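Novice: Protein sequence lines correspond, in order, to chains A and B.
With this note's numbering applied, the first sequence corresponds to residues 1 to 168, in that order.
With this note's numbering applied, the second sequence corresponds to residues 1 to 273, in that order.
Since the hints were derived computationally from the structure, they do not count as laboratory data.
In this text, all values refer to a predicted model and were calculated from it rather than measured experimentally.
Relax, there's no trap hidden among the hints.
Pairs of lysine-lysine, BS3-like flavour, derived with a Cα cap of 25 Å: (1) Lys-12(B) - Lys-90(A); (2) Lys-142(B) - Lys-186(B); (3) Lys-12(B) - Lys-47(A); (4) Lys-186(B) - Lys-143(A); (5) Lys-143(A) - Lys-182(B); (6) Lys-189(B) - Lys-143(A).
Across the chosen pairs, the derived CB separations fall in these ranges: (7) Phe-45(B) - Thr-114(A): 40 to 48 Å; (8) Asn-49(A) - Ala-228(B): 51 to 59 Å; (9) Asn-11(B) - Thr-114(A): 23 to 31 Å; (10) Asp-261(B) - Leu-158(A): 56 to 64 Å; (11) Asn-83(B) - Ile-138(A): 53 to 61 Å; (12) Phe-147(A) - Gly-205(B): 30 to 38 Å; (13) Gly-252(B) - Ile-154(A): 29 to 37 Å; (14) Thr-234(B) - Gly-110(A): 51 to 59 Å; (15) Thr-114(A) - Ser-227(B): 42 to 50 Å; (16) Asp-135(B) - Thr-114(A): 46 to 54 Å; (17) Arg-167(B) - Ile-154(A): 35 to 43 Å; (18) Phe-147(A) - Asn-236(B): 35 to 43 Å.
Here are some, though not all, of the chain B residues that point toward chain A, as calculated from beta-carbon distances under 7 Å: (19) Thr-13; (20) Leu-25; (21) Thr-47; (22) Tyr-121.
Glycine included, C-beta positions come from ideal geometry on N, C-alpha and C.
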Amino acid sequence: MNNAITINIARFIILILLQVLVLNNINFLGYINPYIYILFIILYPIKNNRLLFIFLSFLLGLTVDLFLDSGGVHAAACVTIAYIRPVLLKFSFGTIYDYQTIKFSTTEFGQRLTYFSIIIFIHHLILFSLEIFNSSRIILILKKTLFSSIFTIILCLLITILFSRKNK
Amino acid sequence: MQQIINFILRNKTFLLFLLLLSASLFLTIQSHSYHKSKFINSANFLTGGIYESVNNIGNYFNLKTENAILLEENNRLKSILFNFKKDTLKEEYIDSTTFNANYKLTAAQVYKNSYSATNNYLTINKGKRDSIKQDYGVITSKGIIGIIDNTSKKYSRVMSVLNTNIRVNAQLKKTNHFGTLKWNGKSPKYVQLVDLQKQAPVTVGDTIITGGLSTIFPKGIPIGVVSAFKIDDTENYFEIDIKLFNDMTNVGHVYIIENLDAEEISTLNNLDE
Chain A
1 MNNAITINIA RFIILILLQV LVLNNINFLG YINPYIYILF IILYPIKNNR LLFIFLSFLL
61 GLTVDLFLDS GGVHAAACVT IAYIRPVLLK FSFGTIYDYQ TIKFSTTEFG QRLTYFSIII
121 FIHHLILFSL EIFNSSRIIL ILKKTLFSSI FTIILCLLIT ILFSRKNK
Chain B
1 MQQIINFILR NKTFLLFLLL LSASLFLTIQ SHSYHKSKFI NSANFLTGGI YESVNNIGNY
61 FNLKTENAIL LEENNRLKSI LFNFKKDTLK EEYIDSTTFN ANYKLTAAQV YKNSYSATNN
121 YLTINKGKRD SIKQDYGVIT SKGIIGIIDN TSKKYSRVMS VLNTNIRVNA QLKKTNHFGT
181 LKWNGKSPKY VQLVDLQKQA PVTVGDTIIT GGLSTIFPKG IPIGVVSAFK IDDTENYFEI
241 DIKLFNDMTN VGHVYIIENL DAEEISTLNN LDE
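In isolation and in its complexed conformation, chain A is listed as follows (with noise of 0.2 Å):
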C-alpha cells in the first residue's frame, strides 16, 4: 500500500514536469501537443477513494494549468474526467471490473485501447472547448481535438506497455 502511494506521487510530479517542459514546446505541424499527464488519471488505482481520487485530478490539472497560463481548462478537464472514469471502467471492461482486481498490465490490449481512447478523446473535447470558448471556431476545436487526441492515445499506450514489462 505504501508503495503505492509513493509510485503515485512520483508519477504526479514526473508526468507534469515532463508536460510542461518537454511535450508542450512539440508543437507538432503548429498545433499539436500531446497531452500524457492524465496517465495519472488514466492508471490511478481502482480501488480507491473516490473523494480523494477526485481532488487529486483537480490540482493536476491546476498545476498544469499554472504552467501553462491557460486559466482553469486543464482542472476542468480533469475533475471531469476523474468523475466519470468508473462509468467508462465499466464499459470497457465489463464484468472483471466489478471484482475490482484489475491490472492494468493483465488486460487485453483491445479492451485497453477502448479505454483509453475514451477517455482522452472526452478529456481533449472539454478542454479545446474551453480553451477556445468560441462555438463559432467549433471546426478548429474537433481539428484540435482529433489530432491530439491521437497523438496522445499512441504516446499513453508505447509508454504503459513500455513500463509494464519489469513488472513481469
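Assemble chain B onto chain A, guided by the hints.
Specialist: Same frame as chain A, but now just chain B:
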C-alpha cells in the same frame, strides 16, 4: 436537518465534483477577459523558478542565433548613430543619453513562450523587483512582442500579440491612418489589423508600425508587412492580414518599455470623465 445532512453525505462525490468543476470554470472564464487572471499565472516563484532552471540549460543552444541577432541590431544602431552625428555636432547634450528621456528600456530574457493556444503568454525574468509594472510594452529589435499582464517579485507574464484578447494601436508607416491590431487565433505568423479607414492607401507589402495613440508603445515600433487585405462587412473599414517581422516561435531576449509620461497622459485623459 437530518435529511439535508444525509443528502450531502450520500452525494458527497457529486457535490465535490460540482464544486471543483465550477471553481475551474470560474478560473477559465476569468482567463478569457483582459487583466483578470490574477491567481493562476506562470509568473510565480514555483513555475518561474522551474522555468528558470530549465532555461539555464536550454539557452546555451541558442547562443549562436542570439549573437547573430545582436550583431544585426548593433549594426543597424551603429549606422544610425554614425549618420546622425554629422548633423547634430552642435547638440549640447550629446553625451547624456538620459537627458529628457521619455522611455526607459529594460532588457529581459524569455523563460517560457507559447504560440499554439488561442491565448498565448510569455514568462520573462524581470518583475516587481526591477520596477516592472502592468501595461508596459515588450519588444525585440525586430518588432513588438506583447504587453506586460501580471508581475510577481522576480518574474512577469507577457500577453503575447498572439492572444485573442490583445488590442494594440497600429498605423501605416507611410500615412497616419490608424487601426487596431488583433489576433484571430489561427496562424502564429499573421496578426490582423481592423478598423482602418477605407480611404487609407493600403497595398500589399506596406509596413505597419505602432501608432502613438496609446501610452504603452512609443510611435514607430515595427510590427509587420501587409500580406492581404479586404473591405470588412460594414464596407467602411479594411481588414488586413499582417505578416509579423518577429518569429514568435523563437523569442530569446526582449526589451521592456516603460513610458515615463504614461501617468501624466492618463490623468490628462481622465479629466473629462
